[in-house]
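Visitor: Now for the letters of each chain:
Protein chains: 2
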Amino acid sequence: MEYSAINLKEKLDKFSEQWSPKIIAQMNDYHFKLVGFQSDFVWHSHLETDETFIVLDGEMSIDFPDGKVDLRAGEMFVVPKGVEHKPFAERECKVMLVEPAGTINTGDARGEMTAEDNVWI
Amino acid sequence: MEYSAINLKEKLDKFSEQWSPKIIAQMNDYHFKLVGFQSDFVWHSHLETDETFIVLDGEMSIDFPDGKVDLRAGEMFVVPKGVEHKPFAERECKVMLVEPAGTINTGDARGEMTAEDNVWI
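Quick note, the sequences are listed as chains A and B, same order. Per this note's numbering, the very first residue in the first sequence carries number 449; after that it's consecutive. Per this note's numbering, the very first residue in the second sequence carries number 449; after that it's consecutive.
Chain A extracted, bound-state conformation (with noise of 0.2 angstroms):
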């Protein structure tokens, strides 16, 4: 059979819209996704699950209404469940997120800056 490596660089070439997460691989019922953001995003909580940000390029901050968090590429964090924050980064930062399929960019917070939350790439 056919087994093809998934290079992280060859598919965040594919697409230069930001805060919108594209899947490129499945573990279990999880979702693997690449975004690329500048700027703030909404502050929002996803209810059910802890999401994790991987750094792949880049520098990003999480704010929490009682701290903060600096990631930069090679660096990774997990935000628990509940827990409201609201990523954002000065220049364009590429990240991979795990978390479960189907879970929505702007968790609790629907607006213009919800994505699609099934699209592969």
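FYI, nobody ran anything at the bench for these hints, they're computed from the structure. Among the clues, some could well be false.
Each pair may be met inside one copy or between any two copies, as identical chains are not told apart.
Simulated pairs of lysine-lysine, DSS-like, Cα-Cα distance not exceeding 30 angstroms [stated by the list, open to error]:
{"no.": "1", "residue 1": "Lys457", "residue 2": "Lys516"}
{"no.": "2", "residue 1": "Lys516", "residue 2": "Lys534"}
{"no.": "3", "residue 1": "Lys516", "residue 2": "Lys529"}
{"no.": "4", "residue 1": "Lys542", "residue 2": "Lys457"}
Add chain B to chain A, keeping to what the hints say.
Guide: This is chain B only, laid out in the frame that chain A set:
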């Protein structure tokens, strides 16, 4: 509150044992683990779960009964549950694994390469 990034390289620098995955983060009931290895692992499968390999440094391959996948830094692969596989690397390779907490490295093939399954670093 104090929120801290998990730096993958700093975590990798903390141990040198081979084929002995160390947990660095938990997302719901899944673990992110780091492992370094060289040479051949044992043939095995995980009957209950898929298993994700993300190569951080170096190159590795995974043999299957009917094929093979080559992976280098920046590439990933999800081994489907129940599929026999044998990871190997000619030179030392550093990998992040993502799999359910409690997943045993040798799956259904316990033996001298079976590592403790709950070691955080």
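Visitor: Under the constraints set out in the numbered hints, which ones does this structure not fulfil?
Guide: Nothing - there is no hint that the structure violates, so all of them hold.
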